[in-house]
Amino acid sequence: MRHQTLIKLGLAIILVSGVMTLTFIGCGGSSSSSDSGSSAVYEALGITDTAFGTLGVVTSTIGDVCVVNRIVRQADGKILAGGYSFNGSDDDFALARYTVTGTLDTAFSSDGVVTSAIGTGSIINALALQPDGKIVAAGNSDSNIILARYTVTGTLDTAFSADGVVTATLIGLTDYAYDLAVQADGNILVMGATVSGSNYNLALLRYDSTGALDATFGGGDGVITHAASGRTMSYADLARAEDVAKRFAQAVPPDVTLTPVSMRG
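This note's numbering numbers the first residue of the sequence shown as -14 and each following residue consecutively.
Treat each hint with caution, since some may be false.
[To be verified] What follows is a set of in silico ranges between Cβ atoms, one per label pair, in the way DEER data are often shown:
| # | residue 1 | residue 2 | range |
| --- | --- | --- | --- |
| 1 | 152 | 36 | 38 to 46 angstroms |
| 2 | 73 | 127 | 13 to 21 angstroms |
| 3 | 114 | 158 | 29 to 37 angstroms |
| 4 | 195 | 128 | 23 to 31 angstroms |
| 5 | 59 | 158 | 34 to 42 angstroms |
| 6 | 197 | 158 | 18 to 26 angstroms |
| 7 | 106 | 205 | 26 to 34 angstroms |
No lab work stands behind these hints, which were simulated from the structure alone. Yeah, the Cβ is synthetic: ideal placement off N, Cα and C, and Gly gets one too.
Just need the whole structure built from these sequences, with the hints factored in.
Structure representation (structure tokens):
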């Protein structure tokens, strides 16, 4: 039996018809073996939006334990939550889509929830929407960077790679994906890190719309890294690295110089 009180939160500030809306999604636990994802929507000044769920709050049970790492609001007002859920032995990619009233969207999968077992211990850390409504998720599994694309109905997109999932193994022992962005030309940027012991390298990967690494980017393999070899990374360093990673994926130039290196594997 696994217990938790609060693991992680997702936050987004979104303008809807000119009104600022704060969307909060997290995981609240209890003494039972199942923890539920909780979603609350607040209007400006923190007033609960009572048109969403029950008094502005929705609770969903996904697996034994669920964690939400990222949320995205679609143009039609529906809310996507991404993270992972515990299946009894390890973690799976987990996505849930809610309607504007806070009910799970049965047009997404059949019950509003999709879980994908990708390797061992798979976690979504970032979400982005393509203009056609397809959902791109980046995260980690088996110490590798994972990128997956889902259709608007919640199935893995077989037009992306062959099964909707691509895996990247970089120069470190453990690779992470922090954030992603879909460019105007359809290419997908993934920003993260590759780590070996105390050696921490920022990594930027670019994929084309079919899921192949872009050979015109970086050193000819679609990957650029910034080496920080020989340093012991403090928590402050890691926090700054993640912040730089997020700004990179959002196509904002960071204050570091990147050096192309070759991929391993």
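To see whether the hints hold, each was checked on the structure:
no.: 1; hint: 152 - 36: 38 to 46 angstroms; result: 41 angstroms, holds
no.: 2; hint: 73 - 127: 13 to 21 angstroms; result: 18 angstroms, holds
no.: 3; hint: 114 - 158: 29 to 37 angstroms; result: 32 angstroms, holds
no.: 4; hint: 195 - 128: 23 to 31 angstroms; result: 25 angstroms, holds
no.: 5; hint: 59 - 158: 34 to 42 angstroms; result: 37 angstroms, holds
no.: 6; hint: 197 - 158: 18 to 26 angstroms; result: 25 angstroms, holds
no.: 7; hint: 106 - 205: 26 to 34 angstroms; result: 31 angstroms, holds
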